[in-house]
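Chains as they are written, first to last, in full-length UniProt numbering: chain A, 1 to 317; chain B, 1 to 102; chain C, 1 to 511; chain D, 1 to 500; chain E, 1 to 588.
Quick caveat, the hints were computed from the structure, so don't treat them as lab data. These numbers come from a predicted model, not from an experiment. It is possible that some hints are incorrect.
[Claimed, not checked] Incomplete in silico selection of chain A near chain C, CB under 10 Å: (1) 122; (2) 143; (3) 152; (4) 162; (5) 167; (6) 169; (7) 269; (8) 283.
Heads up, the beta-carbon is just placed ideally off N, CA and C, and yes, glycines get one too.
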Amino acid sequence: MDILIDSLLAILTIYLAFRCMLAPKLSKAVFVFFAFGLMLALAWIRLGAVDVAIAEAAIASGFMGVLMLDSLRDFSLIFSKNQERLEETASKIPIKKDSYHWTTALALGLGLILFLLISIQAIWEVPQGGGLTAIAEANLPMSGVEHPVTAVLLNYRAYDTWLEIGVILMGLLAIFAAGGLKQYRKPGLAPAQDPLLRKTILIFTPVLFLFGAFLLYFGKMGPGGAFQAAVLWGAIGILLHLGGWTVFTVIPRRMRQILVTIGLGFFMILGFTQMATGGAFFEYPPAYAGFLILVVETLAAISIAAALTAIFAFLTK
Amino acid sequence: MKIGTYEIYSLTSAILFAIGLGGVFLAKHFLRKIIATIIMGAGVFLCFVSFAKRDALTFADPIPHALVITGIVVAVTAAAFALSLARRIHKLTGEDTFGNEK
Amino acid sequence: MKEFPTSALPALLVGLPMLLATMSLFFRVKGRALLGVLGSFLVGSLAFFAFIEVAKYGTIIHILGGWEPPLGILLRIDPLAAVFIGLTAIIGIFISLYSWWYFRARIASIGRFPLFWPLWFFLWAGLNGLFLSNDLFNLYVTIEVITICAVALAVLSGEAKALKAGLRYLLAAIIGSMAYLFGVALIYGSTGTLDLNLLGEVLKPGNTKTFALIVITLGLLIKKAAFPFHFWLPPAHSAALAPVSALLSALVVKGAFYMMLRLWTEVFEVSLTFAAGQLIGITGAAAVLWGSWQALLQTNFKLLVAHSSVAQMGYLLMMFPLLIMAPGQDADSAEWLAPAWTAGIFQVMAHAFAKASLFLSAGIVVMALGHDRIESLRDLVAWMPMTAMAIGIAGVSLIGLPPSGGFLAKWMLLKGVFLSGQWWWAPAILAGSLLTAGYVFMLLRLAFAPARVKDPFRPVPKILQVCALLLALGSFLIVIPAENLIQFLEGSKSFGSGIESIMKGGGYGNE
Amino acid sequence: METNSLLLILILISSLIPGILILLLDEAQAFQRNFLNLFGAVAKVALVGWVFVGYMQGETYAFIYGLAPDLTFALKADKMGLLFAALSSVLWLVTTLYAIGYLKGGKHQRRFFAFFSLCVTSSTGIALSGNVVTFFVFYEFLTLSTYPLVVHRGDDKAVEAGRTYLWYTIGGGTVLFLGVVALFVLAGPIYFGQTEIIASLVSENTLQLTLIFFLMLSGLAVKAAIFPLHGWLPISMVAPAPVSALLHAVAVVKAGAFGIARLVYDVYGIPTSEELNLLTPLAIFAGFTIIYGSVKAFYQDDFKKLLAYSTVSQLSYIALGVAITGVLSATGAVVHLVHQGIMKITMFFAAGNVAETYGFYRISQLNGIGRKMPLTMGAFTIAAFGMIGLPPIAGFVSKWYLGLGAVEAGSYWVVLVLLASSALNAAYFLPIVYRAWFCEPDQKEVLPKYRGPFEAKALLLIPVVLTGLFSLAAGLFAGSNYSPLAIAREIAEKLYPNLP
Amino acid sequence: MIWLSVIILPLLAALLTSRYPSGRRNAGPIFVLASLPAVGLGLAEVPGITLDWFILGTQFSLDTPRRIILLLTGILWASSGLFSGTYLKDDIRRGSFNFYFGGAMAGNFGLLITEDAASFYTFFALMTFASYGLVIHSQTAAARKAAKTYLVMAIIGELFIISALFLAVQSAGSMLLSDLPPALANASNGPFIFLLGLIGFGVKVGAIPLYFWLPLAHPAAPVPASAVLSGAMIKAGLIGWMHLAPVGLVDWPSLSLMMISLGFTATLGAVIIGLLQVDPKTNLAYSSISQMGLMTAFLGIGLYGGIPGSLLLPAIALYAFNHGTAKALLFLGTALPGKVGGYWRILMWLGLGLAVLAIAGGPLTGGLWTKYLLKTFLSKTSLPGIDVFAYLLTLSAVTTTLLLSRFLHILRQVESPKESKTPSFILPWFFLLLAGGWWTMSPTLLPEGLMYQILGEKGMMAFFWNPITIWAALWPIILTAATLVVVFTLKSSFLNRWIKEKPLIPPGDFLYVILWIGNLFEKQIQKVIAFMHSFGESRHSAEKIIYKFIDNKKTIQISTQAESLLRRWEVVGISFFIFFVALFFLLR
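Generate the whole structure from the sequences, applying the supplied hints.
Written out as structure tokens, the structure reads:
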């Protein structure tokens with residue numbers, strides 16, 4: 001039975017991935033991409049990786065999907081507001097052939113198949129490495145949390161996580177850089193939209209917030225944690241934004257900066273203080289480990305949520 | 001040979017990676033290329049997690065899970081950045097595919 | 001695990017730039033620049049301090065969070081890493097200084113690019129993290145940090161050209177990262193560890209490992225812009241702002257090289273074959289020839305320099321075939337290993353200095369001309385002698401004329417090539433030199449030629465020119481402490497060691 | 001550091017530092033520039049003289065700095081090097097004077113003099129280098145430091161010439177590089193004079209050693225302008241007269257010739273070279289170049305181009321002398337290194353004087369110039385006669401020894417080459433002399449650009465007269481104990497210790 | 001010191017008399033002073049010295065033949081110098097003449113007193129090239145042509161000389177000229193070396209077939225210069241021969257016969273051509289060729305062996321001495337008829353007649369005894385056909401008389417000046433007349449054996465007043481004179497109708513043959529040289545090949561296209577897979 005479900009899920013996932021690539025219309029590809037993300041999340045659950053499933057659903061599929069959808073507006077003619085301009089430019093650009101020369105396709109296809117076969121064989125023959133489950137488990141009591149994934153994320157490999165929080169901040173900066181910062185400075189207030197939507201959003205906001213907080217706290221014991229919570233909190237910002245409340249114009253600049261950097265900053269300063277007291281970077285005093293991790297997670301979640309909101313706000317302006 | 005969850009998903013991971021790889025080279029539209037990279041990533045992450053499943057003792061190996069979460073965030077950030085670049089390019093030039101720029 | 005002296009230095013080397021980057025977000029433009037310059041000195045002196053510490057006590061490690069590998073992550077500064085960190089620091093300081101003045105001078109025309117400083121410090125943190133990292137997955141994270149920052153910096157100007165190049169760069173980098181990560185996944189699956197040292201011990205030859213090695217190598221080759229995968233480099237490097245181009249060329253591409261060097265020599269030692277090394281060497285040779293040749297054909301200064309980067313990176317790849325022992329050769333008696341390593345390290349350093357200087361000069365030229373068409377360099381020597389000098393000196397180092405660092409690198413490379421009996425690399429090395437001379441002197445030739453217009457150059461702050469010139473001189477000065485540096489590097493585990501190739505018989509499998 | 005090592009460094013620094021300082025000066029600070037230049041030049045001559053005297057009294061001078069494992073920067077004074085160093089430094093002094101006069105009021109003097117100094121630094125570096133690597137370093141440095149001088153005039157022609165110059169020299173340098181590294185790999189770090197190292201390798205590595213020799217030789221032959229690698233020399237005559245004079249009569253071209261001498265004498269050693277049959281091809285190429293250069297010179301109307309082709313021809317005398325074994329031909333080769341330098345520099349000075357004072361660049365314009373510029377053309381005539389090989393001028397001495405050496409070695413064809421070259425030299429130099437002294441000036445009288453007490457600017461006149469006298473004196477007093485010949489003879493005798 | 005002053009004084013004189021007006025005015029006395037040391041060395045024997053520092057180590061010393069020639073040379077330069085002082089007083093290029101005159105003088109003295117090869121060659125070259133200035137002095141078209149011919153021949157000569165010296169010095173292992181003849185005698189290639197020298201110095205001597213420059217150059221120079229050219233400098237070649245010739249040490253029949261036959265051909269042939277000339281100086285030049293031919297022949301006899309060099313060479317030198325003074329007298333005399341009037345004219349003709357007699361070997365002249373001296377050697381050699389030579393020698397007296405009579409005849413046609421005035425340069429002429437051939441009898445100059453050889457136990461007077469000798473000397477001259485008188489009287493118009501305007505055979509006869517042959521091959525030679533010249537141009541030299549490739553539009557286009565192909569994603573993909581597969585197989 002398991003095999004059947006797994007096989008079905010796997011085949012579906014693969015099919016959707018194919019569709020993503022081959023769907024004739026871009027919009028369709030994006031929608032399929034959504035579905036692909038959901039299938040993948042199911043697959044994670046099947047593999048017992050609930051944390052990953054939440055992260056996948058929230059970030060890779062949810063957040064990314066929203067961004068994709070939003071960018072469809074730019075790319076496809078259907079959603080385009082300034083159709084005229086696009087047609088004008090379209091006429092200037094020579095119409096590109098959408099297909100490749102058959103030799104190119106053949107060569108690539110052949111290469112791809114070879115690659116696939118070899119990689120399948122390689123994966124098939126992966127020897128039992130044993131993983132680190134045993135050590136992780138053995139050290140779990142000292143980590144200050146009960147959920148091993150959280151322990152890894154915020155204690156064993158806190159350094160990676162710290163860098164990762166940094167990456168999000170960098171991503172935000174990068175997106176600013178790509179757009180030029182000037183436009184960010186002058187956000188126009190979106191006109192009031194569908195009142196129903198606004199109401200719904202207002203209702204959802206506290207729910208999302210609470211659910212996020214729960215995930216955050218629950219991360220100590222089971223699936224959940226900073227990233228998952230952050231996405232939910234970020235969703236608040238996104239929803240508010242969609243509803244016309246451009247949150248980032250409301251929050252003062254200094255505050256924004258603090259919001260965005262507090263996770264990274266606190267984590268880092270914590271690390272430095274630990275080092276100053278003779279420990280290693282990110283070495284928690286065992287007694288306070290649980291608490292400190294919670295604080296770090298909270299702040300990180302705030303930062304990430306702020307960053308995600310900012311990204312969305314900036315991209316969809 | 002036993003076919004179990006691990007085997008299925010690890011094979012799927014290889015196929016997803018291949019699809020992503022092919023897509024990123026063959027797809028023309030920026031958006032599709034970006035999606036392809038995400039699919040590639042999905043393949044890799046699936047591979048990781050399937051190992052976790054295989055090596056599970058009392059619980060699944062947490063390290064790959066943590067790695068994958070980190071990986072997803074990083075990959076998504078990169079993809080979002082790519083998306084912003086693509087949109088910006090489109091806005092500035094109206095192009096949505098790579099040309100032969102120097 | 002052997003007892004190492006532990007110190008806070010490795011963590012600080014990553015943390016400090018990160019902190020500075022975060023702090024700089026809270027400042028306005030002017031403050032950021034000031035913080036940037038001061039911070040660069042701070043980080044630089046830290047790197048210098050680390051260098052001295054390593055020289056004194058040998059390899060320094062820092063076990064993050066107190067969790068020893070394989071569970072935790074370990075940072076270590078061995079001499080090899082120390083050299084890269086030191087190099088990054090020196091180049092970084094100069095580029096920071098340059099940027100300060102550069103953005104100040106550009107205020108009227110374009111803007112001051114406030115995002116430059118945080119991104120640059122994040123990049124620095126990423127680079128230091130990369131050099132210090134001893135963990136396969138952490139390497140992935142750091143290289144992604146580098147990629148995102150580098151691309152963000154590359155598109156900073158916001159021009160369509162830069163954006164397109166940036167997207168191309170980003171996509172290529174993501175492909176590389178994903179390929180790399182795929183390999184990491186397989187390795188983790190088959191060994192259950194990510195620590196490089198442990199991996200070197202437990203990794204056994206097998207089909208999986210071979211595949212992992214291939215995808216990791218391919219991923220890194222793409223990130224490194226090795227010959228057929230250099231498609232992203234020239235546009236990205238040439239379209240960026242001058243200090244950014246300098247950073248990208250001088251430091252960022254070196255990251256991937258550093259990773260490849262580490263992984264090949266420390267992790268994948270057993271499964272490499274002589275033939276594979278030859279293939280990498282051919283890639284390098286092709287890059288040298290093709291990149292130089294393309295550079296020769298360019299009409300834009302920055303494109304020329306960017307193509308030159310492709311070529312110069314090729315020289316780095318040519319060190320790999322020398323590291324792998326042919327069947328029957330013994331690594332202990334292979335006397336060409338030390339020269340090959342020296343060649344690689346000096347090529348990295350010389351190229352970093354020279355290329356940074358060239359791009360900074362290009363920035364000066366752009367500032368003075370408004371564009372970078374080579375044809376307009378006419379009479380540069382008379383108008384901006386210092387810049388012309390910088391171009392000349394840096395170019396000379398690229399060509400590999402004595403007594404530059406490039407010369408030392410080429411000398412050692414050739415020596416290694418002859419000692420190992422792989423003489424067939426020599427023509428490529430020399431032809432590359434000649435072609436390099438061709439494009440360097442194409443620039444200089446025009447610089448000496450009479451100008452076609454009156455007052456061709458707008459004035460440019462002198463300090464910018466001084467920065468470029470000093471960097472160019474740096475590519476010569478690194479030769480002076482060469483002997484000490486090599487002695488220092490010999491303290492590194494991998495330096496001077498080779499890879500014994502294994503001829504696998506029959507089929508492949510786990511046995 | 002002990003004094004003796006310091007002295008060698010000082011010799012190099014005495015032109016390096018002025019060079020760098022001049023670069024830092026302002027274009028308008030002519031006095032400071034000239035002072036630095038002359039100070040450096042005088043200091044260099046004094047230092048070289050000091051070392052020379054010390055060396056003759058049995059002192060040893062060496063300096064070694066390890067750059068990388070077994071890659072050492074080594075300076076060493078030996079007789080041949082000192083001879084070359086003395087030549088460069090003395091002629092530098094003279095040429096500096098000339099250049100100050102020549103460029104007065106010209107553009108980019110700062111650049112010119114700076115690179116001029118750097119160039120002399122590298123040429124003395126070449127002279128004093130103690131091993132192959134150091135030699136190579138300075139050899140390439142020379143290429144670089146001369147490039148700005150070649151393109152100094154900055155017009156398209158000069159720039160194009162610079163391009164050709166670089167293709168040749170960098171190409172040559174690359175080949176030399178290959179040879180040097182290969183040699184290094186085969187034989188380890190070779191200091192000049194350690195010929196036994198190569199000798200011990202001959203039996204096993206015949207092919208490699210032969211290949212390396214020809215690689216290095218072809219690298220050096222570029223600067224020594226041996227056919228077919230001479231193409232850069234006539235083209236780079238677009239440089240200003242002092243540059244052509246010092247660089248293309250002394251520094252650059254001599255570096256090549258000197259390098260060939262070093263290669264044969266101090267790296268491979270004569271017995272090994274003979275054993276491997278390396279010298280015959282060299283001799284043949286050199287011989288052909290001698291004839292070829294002369295024939296080409298015969299067809300030139302451009303004064304400096306003629307001189308350039310003449311240089312091509314004359315330089316190969318040195319190579320030829322090296323290629324013929326025997327103490328006499330070695331003497332001839334070494335002494336020609338000096339003699340050709342002073343004679344050719346005289347001619348270039350003269351050509352420069354004529355061009356600067358009357359604006360004549362072609363030989364057909366030179367009718368009756370001897371009457372107007374007797375000193376200049378007198379010096380030129382002396383040098384020209386010397387080139388032809390007429391006694392008692394320096395050129396005769398070298399030709400005499402080369403001829404005797406050729407006869408000694410039994411290479412009679414070399415004698416024929418020498419004679420043919422003499423005849424051709426006469427054929428292209430004597431018409432100039434003839435025009436200068438025995439032809440009436442053309443109808444249209446050209447007034448000199450310069451008016452003053454002498455026939456030309458004093459700073460232009462003094463050097464040409466000096467070098468003219470040098471070339472006369474070098475021949476006239478060749479027998480004395482301190483003449484170049486005497487030193488050359490000592491060098492040669494040391495090379496052939498077995499001979500009486 | 002005196003040795004150096006021999007050279008330095010003329011050089012100083014050259015400088016003084018060319019640069020400074022006062023020097024130019026007093027050029028005559030200055031030149032006389034400058035040549036005094038040389039004359040002194042010729043007269044008094046001074047031990048030789050060695051100067052190591054000079055050139056390649058110089059040794060100054062003299063042996064008998066060279067002392068004789070040095071004396072001659074000194075006298076000639078002194079008198080010609082004095083002559084020139086007044087003769088060229090008004091010449092605008094006086095200064096340059098003096099310069100070259102002094103230079104040639106230094107060279108001429110120097111080559112005589114040096115004992116080593118390098119210095120000898122040095123001074124030889126100095127003389128040769130300085131005298132170019134003398135030849136071209138008048139700067140007329142003819143002079144330029146003559147000078148050109150002279151220069152070309154001189155250079156060819158120099159080349160042969162230097163190659164001979166290379167070989168000789170090498171085989172001797174010594175730079176000393178006195179070591180060369182023995183070395184040549186022993187060396188296997190001795191004859192070859194000597195042949196090279198023969199050709200090289202033969203140019204200067206005017207030996208057949210290298211003489212053709214001489215009738216052009218000697219007359220082209222101003223009178224005093226012609227005098228030294230023909231009287232003194234021509235002897236330098238002879239000295240060169242003497243330095244190389246291993247007289248008495250070897251037996252080289254073929255070389256010997258060649259020299260003798262060439263010598264006699266010159267002696268007789270030159271007369272024939274000389275007779276056809278209209279210019280007195282050309283006539284004299286041919287006479288010089290003729291006389292030098294005689295000396296050539298005798299040197300050739302010496303190479304057959306059997307005659308000691310220490311005797312033969314001084315004898316030849318003595319002959320040269322006589323010829324030199326007399327020829328100089330005649331050359332200087334060519335300037336006189338147009339200027340000298342009145343009673344001085346009688347004296348002039350007397351002097352000219354005497355000189356002619358001396359050359360022809362007339363009784364009571366030095367010519368007689370020097371010729372007789374040489375004749376004695378004929379009996380000492382075992383050379384076959386020596387009798388023929390004796391007859392030829394006699395015949396030469398006839399022909400010489402004939403030729404010089406023609407000279408006098410030409411001079412006679414010069415119009416005498418109206419009034420009876422005399423130029424001051426007649427003084428040195430007379431001085432020279434006094435210094436003439438009789439000096440050759442000075443015993444101090446001669447080695448002991450030589451005097452004995454000719455005079456036996458008898459004394460000098462006995463020789464001169466011996467009727468047999470007188471008759472032997474006189475009859476050819478009388479015969480010739482008688483024939484001339486007969487011709488003159490019988491058909492006076494014949495001599496008067498003898499070519500006047502244009503020589504029947506142009507001076508430098510043989511030159512035209514060479515030029516004609518040269519013209520025949522000119523094209524081929526030009527082609528060869530032009531090929532050599534174009535070797536670098538027509539073929540693409542290295543840099544042009546590179547440029548052609550780099551600057552080619554097509555290359556650039558293809559490369560750019562290739563690069564843009566590599567930029568395409570699908571191509572990157574393909575290379576990715578190619579690499580993948582390649583690595584996969586290579587890593588197995």
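Quick rundown of the hints versus the structure:
1. 122: holds, 3 Å
2. 143: Holds: closest Cβ of chain C sits about 9 Å from residue 143 of chain A, inside 10 Å.
3. 152: At about 8 Å, which falls below the 10 Å cut-off, the nearest Cβ of chain C leaves the hint on residue 152 of chain A intact, so it holds.
4. 162: Hint on residue 162 of chain A: holds, closest Cβ of chain C at ~8 Å, below 10 Å.
5. 167: holds, 6 Å
6. 169: At about 8 Å, which falls below the 10 Å cut-off, the nearest Cβ of chain C leaves the hint on residue 169 of chain A intact, so it holds.
7. 269: Since chain C brings a Cβ to about 8 Å from residue 269 of chain A, closer than 10 Å, the hint holds.
8. 283: holds, 4 Å
When each numbered hint is compared with the structure, no violation occurs for any of them.
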